[in-house]
Every structure is written in structure tokens, then in C-alpha cells.
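Chemist: Residue strings, one per chain:
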Amino acid sequence: MASGAVSGTGPTVEAGLKAVAKTKVRARNVSVFYGSKQALFDISLDMPEKTVTALIGPSGCGKSTFLRSINRMNDTIEGCRVEGEIDIDGENINDRSIDPVLLRARVGMVFQKPNPFPKSIFDNVAYGARIHGLASTKKEMESIVESSLERAGLWNEVKDRLNQPGTGLSGGQQQRLVIARAIAVNPEIILMDEPCSALDPIATAKIEELIDELRLNYCIVIVTHSMAQAARVSQQTAFFHMGKLVETGNTELIFTNPRDTRTQDYITGRFG
Amino acid sequence: MRRRYREELRFRSYGVAAILFAITSLCVLLVSIVTEAVSAFSRHDLSIDLYLDPAVVDPSGERDPEAIRANVSAFSDLIRGELRELFPDAAEDRDLRRQLARMVSTLSAEEIAARVARSPELVGSTLRIEAPLSDRIDLYLKGLVTGQTVWEGVGSADVLKTSEVIEIRSQGAFSEAYRALADRLADEAEGRKQLAGASESAIVRADERIGALQAERTKLASLGAESLSDIVRQSVIDEGEDLSALSRIAGRAEASGDVQTFRAALGSAFAKRADDANREADELLARGDAFQRKALEAEARGEPNAETRRIQARTAYLAGDRRKVDATRFEELVRSASDLDVGALAATSSLLTSRPLSPLGRVVGSANEDMLLRSVKEVNQREIAAAEAAVTDQIARIAGIEARVGTLKPVAPERAEALADEGLSAARSKLRRLERDLAVLKSTGVRLASPVPAVSAGDDPAATNPIIDDAAVLAPNAAVAPSAVLFDLTEFLQTEAEAQLGLDLGGAAAAAYALGRFEGGAVGAEAELRALMTARLDRELEKVRADKLRLERKRDRDLKAAADLLSVAANPSAGIVLDDFSPTLLVEIAGGVVKAQRISESQVVGRELIPLSSDGTFAGGTWSIRELLVPEADRLVTDHQIVWADQLMKEGDIVRQANTSLLTHADSTYPELAGLAAGLAGSFWIMLVTLTLSLPVGVMAAIYLEEFAPRNWLTDFIEVNINNLAAVPSIVFGLLGAAVFINFFDLPRSSPLVGGLVLSLITLPTIIIATRAALGAVPPSIREGALAVGASLPQTVFHHVLPLAAPGVLTGAIIGLARALGETAPLLLIGMVAFVADPPESMLDSATALPVLVYKWSSGAERAWQPMTSAAIIILLIFMFAMNALAVYLRRRLERRW
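Going down the list, the protein sequences come from chains R and Z.
Residues in the first sequence are numbered from 879 upward in steps of one, following this note's numbering.
Residues in the second sequence are numbered from 143 upward in steps of one, following this note's numbering.
Isolated chain R (complex conformation):
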């Protein structure tokens, strides 16, 4: 039924998006099970390059689960099983030949609560680059850190205190530090799991600004509870409900002219 909804709206939206960018992540019939409980049912969704895809839906609808299956973070959860196919650049990430560790280097992730390592700001950003051997000299490392922080819009705020602990920053700064940490390893895709839910409006605005900038280089998938935020930052929106993908399409279309009554109810705040 869900897929029917997708295919019903699919062609026009996809055609519209294709003009902008080619598909980066392609999910086909993805089902996720926690033990015997099925959390996601047959999700099929395309996430294009240089585009922000927002996943919206009420709590417990499976947005985060879907997000976490894109970089195989679900592997770390006991008893979690993913069926179906998720391709990145046409490569099945659940294939045996794919190393989840390398995959996660390509697919960065930012969590709901800022989780900087209890280390210095510099080490926080440099850690990923260091374990992946991206810099051979100290100078290179410094430039990676600087550029990452700059791209995360944090450089000017922290350049004088790179050796202070990352946990000493404010919430919004921490979240941007985490984003800098994620982009320091040159990912292709950035997954964001409600990145602003723990932040105040000003910090949120900064992060949204940042997401808008990052869109130029990355494929971004963001889970959000804030309808307004989805409308502000994303180009494509997917509405999840009860583990099923109800509707997907151009953000403007979804918010102005939803096909499904459930989508309409949700975005108008009637439930969720």
C-alpha cells in the first residue's frame, strides 16, 4: 500500500529531482526487524545527491531506524535484522564485501544529542581522519581540522581554544563540532538524527544554515520532528507512519498539497 502511494506520486517527483541531481542512496523494499517485531515495512526511497531529504513522521514511526540502516548502525543493535536492498552509488551496502567500518566513513552521522568525545576540540575533529590515515603529517592534519571546522562554521569561535575539551562548548557549538567531526573524514552522505532537538532556536538556526551550505557538497538525510524545519532545510520530504512510508516527494509539494490524508493530518498537526 505504501509503495503504491510512492509509485502514485513517484514519476513526476522523481523526474523533477533528477533534473537537479542523480540518486545517491537508493532504498528498495527495506524491512527492519527488532527480534520478531517488524519496525519498517517495505520502504523504497531514493535520496539524491546534493539534496537534503527530510524524514518526518510521528514518534516511533521508524524514521531513525531507516536512517540508521543507511550506515548500518543497526548492526550494533542486538537482534536487529535488515531486509531489502540499500544501494549507495549502485552498490549494495548490505553486501558481504562491504565493510561497515569503511561504509561509515563514507556515511557520516550526527545524533540527536551532541556527543563530542571527552577530548580536545582538535582531537575530536582529527580522530576520524587519524584512524583512517587521511593525513600523513601534522600540518595536513591541522589543515583538515581547520577546513572541517570552517565548513561547520565553528572555526572562528574555537580557533583560539583548540586544546580545550570539546565537552566544554555550548550545545549548539557541540553539535557543530560533531558535524565538523563527521565531515572531517570526507563523507559522501551525512545522516542527521534530529540534530536540533536538544538546541535552542538560535543554535538551531545556525545548524540549519550550516545544513543549507553543506547541501552543496553532500547528500544529506535528516530526521526531524519539526515540520517547519523540514520545510526550511529540505528539498525532498518523506513521511513515515507506523513503519511504512506513506508519501514522499518534493518538500513544497508535500507541505502544500499532500496526497495522503494521513500526511495532511500530520502536517496540519492533527496527530503525532
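A portion of the hints provided could be inaccurate.
[Unchecked claim] Below, a list of computed lysine to aspartate or glutamate pairs in the EDC-like style, where the Cα atoms sit at most 16 Å apart:
(1) R/997 x Z/1037
(2) Z/702 x Z/329
(3) Z/702 x Z/342
(4) R/991 x Z/926
(5) Z/572 x Z/530
(6) Z/414 x Z/474
FYI, nobody ran anything at the bench for these hints, they're computed from the structure.
Could you slot chain Z onto chain R? The hints should help.
Modeler: Frame of chain R, contents of chain Z only:
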């Protein structure tokens, strides 16, 4: 609202009370240890100038350090000589010389010898030495040997010195000391009186017993032959209390042909067995009921053990049924005992001690039967072995009788014939019975263990009591030479009677009686019997009279002592005589010390311990009286030693200083020289081994279990077992260590290596549990963050999780080590309690550990070990607190990184 406040207040007061209680007990503990230990941290040394006479110290004149070091006794002699010079009057008496010599520690010269050996040029010079005093003197100087009371001398005192005795007169000056002594004497008299009272009541009881015994004896003398035999018969029946005695009597009667006694004895034995069996059966059935009830309850509650209960119930029912069957059989036997002839009775008598083979009662065929039988198989094996032994014995006995028949043949062919007929046939029929039992046992293997194993001693009366055998053999012979036989028998019976008391003597009397009846001429046996029974009473009488005499003497002694004490106390003018068992009273006057031998209110007579400089009159305040509360006989320090020590102390020849040997010396058999050095070194090595083994292994195991291991039944099993391991008593690990490391791997006994290995086993679970808890407490967001930037699982763990868990890990490790440091029991089992004279220098040397030393010292007999033990405990505690403080410090420090 108000109720809520009240509730809060109540809980708060509970908490405060609990904390106060804990703190108070801790304080009491610490204070008691510290107060006891304080005296061990200082030591009294003899500090004198010693001239190192070359002729004594280095007789060879070569100044060879080794020779000097070995010549410890020479240095001891020098020190003793020096002491003798200080107290010249002691030098003349051998006993006093020995007392003087024992003031310094036996091995005190060792250190001086070593010091001189290091710089031989000291020989010939005068050296200031400090030699430890013996532990007893040290304890006295610390006030731990005896309490003292001192009275200043009031008024002037006149000293009269005759050849041996000193007399000191002073009007009323001694009254206080005298009063104190007299009061104590009165108390002692009271105690002696109470003792006498206790003796008196015991004497009254003895008198009653004597009267009863004498009455019995008179009655015995006046009884006619018939009533005498009635008494014996009655006693035979009465003794039915004891099954083995009954079967023995039956055996005797059987052998002698006394049908009546035999029947009576056998009958009452059967009745007793029937009783026993009925009672046991009832108990078993009641138990079965109880199990059945429990089974039903368990079933109702759905507990899994219902089936077990039901099996228990069935087992009990089964056993009860079996006993019921036994009881029925025995009851039948009782009924038939009066009708059967002797031969048939004899055939059944074997049933007395063995269980009748009978069907298995109403639960025959129950599935339990198999189970039950399996469990008794082992018992059955033992029974077969016993039966085989009985058969062999019986064969040997038959051979014995045959030999006797052979020797009798030339003297009395007819009698030998008769003996062979009766004795042998009886013995052989018994053999057949035994063989049949054995065959049954072997063929069926179902005979249960005899429910009354105590009877087995009476199984074969002849086996335990040779009288029967001889009576059976000799009795037919009696017609030839009755008096000779009777004489033999009497002698035999008497020696037997000497050997056994009471019941056995009665049994012998019964046998003699039976024998007499069999002979027909009851007169001789009658006399024997009377004599035997009288002898038994006489023996008892004699014993009670002796007891009474002893008690009377003791009572008289106590009464006299009490009277003496009271008369002394009541007569101030005569004075009290002081001996070794009285408190010591010293008068310090005229630069000397007099020990009082007699004291009255105005006069003291005594002898000099330290000579007085002069006699004459001394003004009040220039002299004093001192009472040592513990009598000389009750302490290990003599009066002489006490006054010498006081004198030395006064003149500054004894110094009190820090007891450094507590830390620098190894263990010693002399408390004043013992130290903890070996224990400290041993504990250090053990901790080293434990740390290097248990920390990495424990941390790695915890990391694997917490971070990498899949969750399945195997890891669950391991987890449960680690938790169980932490709860295993440490002594079990000691046993394990002794078995595995010492016996199997052949590592050196009592070495720190083995100790460390065992303690690592004890510490491991603690470290694993603490590490897992610390790892589990690291927030998952850190793990996710690391994984999300592409760190592998090991990288995540070692770069992020472990550093964050480090404070917890270290705390756990240190607390585990602290526990290991205080662990004693397992170390005892691997031989670390051995006496170790030198600190270990490697992990393989014999060593001991701090807590083991505490244990050893605490069992030391001498008083001086007590403070030493407390001191050792304090040092152990200091190390433990230091380790715990380190744990707290590390935790604080590392946690700041958050």
C-alpha cells in the same frame, strides 16, 4: 502533610542511627587495636658502655670479621658481665646470676657482634651499646605485667639490720598496706569456704550411695539359692534394654543348655526387636505422610520439586512397610518362643541380629524399588564382605574346637566324643547358617542394610566374648573334674570381670549361674555366683568410699586454709606472712629495696633485694612502700628483676626508643626481636604477581565479555560463574592452589609466586565485575559517535570506552588487590605460615605475608605477642588505607577528563 514530615523524620533518624552505630563500632575497634599496639611501637633497650675486651671478643687476635660475627656468645658474656658489675650482690648466687642474665634478650648481642664485625678496629675500645631487654622486662617497664600501689612513707622509720633479715619499724606507717593485704586475705578465705561447701554436699551424696550399696550387699548375703537365681534371671530379662547383651545371654544359655533363660532372653530380644521395628515403621510412615503432604503442597504451588517429594514419600513408605513386615515376623517369633524346643529356637536365633528375609510389603513392585536397591547395592557389598569374614572366623573356631578334642582324647575319650558331638555340631550348624546367609546375600543382592547396625557386635557372641566358647567346650568336661573346670572358669571369669565392669560382670554371673544349673550340682556355682555379685558391689563401694575420702580431705584443707586466712587477717599485731603467692610488698629505703616477708601495722620484716647503704632512722618522705599486685609466682618477672629494672631505669641505663626492629627485622621466636620485614617483602612480591596477572587478564576478559562477546547461553553461563566465583570462600582457592600449583605444577611451596597465583584467582572476579560495571556505565552515545565516524569496534573500545572506564577499572583493581593483601586463609594452605627467618629476595623464595604474620603472632603464647599483633594489624591497615586512598585519588583525577 504532617504524617509525611513524620515519616521523613523517622527515616532520617534510622539512617543517622545506623551511621552512628557503624562509626562507633569502627572507633571502638580502632581504639582497642591502637591502644594495644602503642606499647609495641616502642622498646626498652639496655644502654651501657661496654668495654670490648680483645681477649674475650677476639681470642685469636686476627680481627677476622667472620670470626667476630660468629662469636655472639662472647658479646653476650660481656653484657652479662657488665650487668653483674652493676649488681655485685647478684653475682654470688647462681640463681640470681641467671635471673640477671635473662634481663636482656637472648639474641641481643647479635647486632653488636655484627656491628663490631663491620669495623673490627672497635675491638679493645669502649662502645656505647643498646641491647634490647627481654620481652618480659620490657612488658614490666610498660606496666603490662603487674599493677602497683605506692604509699609514701609517713613518719620516720627505724631500720635494724641483722645478718640476713632487715627489720623496719614505723609507728602505723604500714597500716594502709597491711589493711589492703588483710582485705584480700578475707576475700580469699570466703572463696575457700565456698569450695568446702561444694565438697560437703558431694560427701553427703557419696554417703547416700554407700548406704544403698551396703543394704544391697546385706540383702544378697541373706538370700537363699533359689531367690538368688531369680535375681539373676530377672537381671537377665531386665538387661533386655540392651539387645547385644540379650543375645549374648541367649548365646550363653544356649551353650550351657539352660532352656528357661535361653527362652526368656530370646523371647525378650525378639519382643524388643518387634518393638523397635514397629516404632521405626511408624516413624517412617509418618515421614512418608509428611513428604506426601509436601508433594501435594508443592504441586499445588506448581513448584518443580513435587516429583522429588513424591519419590521421597514413596521411599519412606516402602521402608516403613518393610519394617512393618519385620515387626510382624518378630511378633510371631515372640509368640512361638515359648512353644518351640531349644533346637528350633536356636535355628531362629540368627534372626535376632539379621533381618528376616521376607516379601517387601504393600508397595512391592513400585518403581522406587529399583532405585532403592541401587542405593543399597554398596551396603550389600560391605555386608557380603562382613559375611565372608564371619564364615572364615567360624571355620577357624571349628578348627580350634577340633584341636581341643584332639588334646582331650588321650585323657577322656568319651568326653572328647561328647564334646565333638555337641560343640562341633553346634559350631558347624552355625557355620552352615553363615554360609547360607552369605549365599543369599550373593545370589539376591537385595538384602537391605540391617536397620540396627549396633547389634552386629552381638552377631556372633563367641566372637566378642571367649567365655561362651570355652563354656561350651568345657561344660561337658565338667563331670570328669568338676572342681578343676570350675576353677578354670572362675579364674577366667574373674580376669574377665577385672577387664569389664557392670553389665559384663552381670553377664558373667549369668553364665556362671547357667553353668551351675547345667552341672546339676548348683552348690559350687551358687557360691561363685554369690561371690561374684558381692565382689561387684564391693568394688563399687570401694570406689565411692575412696571418692568420699578424697572429698573429705579436700573439704578439710579448704576449711583449714579459710580459718588460717581469717585468723591472720583478724590479728594485726601478729602480722601477715607473705609468700610467693601473695602480692609482693617492697620497701624502698636507704638506697636499697627490702622485700617484706612479714608485715604488721607497725613493722616489716624482710630481706634485701638491693642492699641498703646503712641502717638507722629515716625521716618520713625519704622512703616509700610499693605493692606489686600480681604475686611473684603468677608472673614471669621475678622480684629481683623488677627492682633491678627499676634501678637501671632510674640511673638512665635503660632507654625507651622507637621499635625500629618491627620494620627491619624478619620474624623471630623472641617477640622483642620479631619484625615484619619478611612479611612486608612477601606481601610486596605477592602483590606484584597478583597485579601483573589479574589486572591484564581481568580487564581483557571484562572487555571481551562486555563489548565483543555475542549474547548467548555460553556467555551467560560464564557471567553467572564469574559472579559465583567472587562469592567462593577464599580458603577454597587455597585448597585449589595447593592441589594445582604445588602438587601438580610442582612450584615451590610457600613461595610468593604461588601465593600471587592463588590471590590472582581471588582478585580476578572482582576486577572483571568492576571493569564490566565501569564499561557498562560509559554512555552509548560515545560508542555511537565513534562508530559513526568510522571507528572499528576495537578502536571504539580502546580509544574511547576504556579510557572513560579507566577510573572504575582502577578502583576495582585496587580494591581487589586490597582484599588480596588482607587475605590469610588461602596463604595458610599453601604453606606461607611457615617460619621465615629472612625476607624473600625473589618470587621463588620461601616467604610469608603480613596477614599471615598477624595470624601467627596472635597465636603466640607470650603476653608480648599481643601488642606485636596489634602493631602488625595497624601496619597492615595503613597499607590497606593507602591503597584505598590511591583508588580514590586515581578516580578523582581520571574522572576530571569527562
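Chemist: The structure should be examined with respect to each hint, and the outcome stated for every one.
Modeler: Evaluated hints:
{"no.": "1", "hint": "R/997 x Z/1037", "result": "holds (12 Å)"}
{"no.": "2", "hint": "Z/702 x Z/329", "result": "holds (15 Å)"}
{"no.": "3", "hint": "Z/702 x Z/342", "result": "holds (14 Å)"}
{"no.": "4", "hint": "R/991 x Z/926", "result": "holds (11 Å)"}
{"no.": "5", "hint": "Z/572 x Z/530", "result": "holds (13 Å)"}
{"no.": "6", "hint": "Z/414 x Z/474", "result": "holds (13 Å)"}
When each numbered hint is compared with the structure, no violation occurs for any of them.
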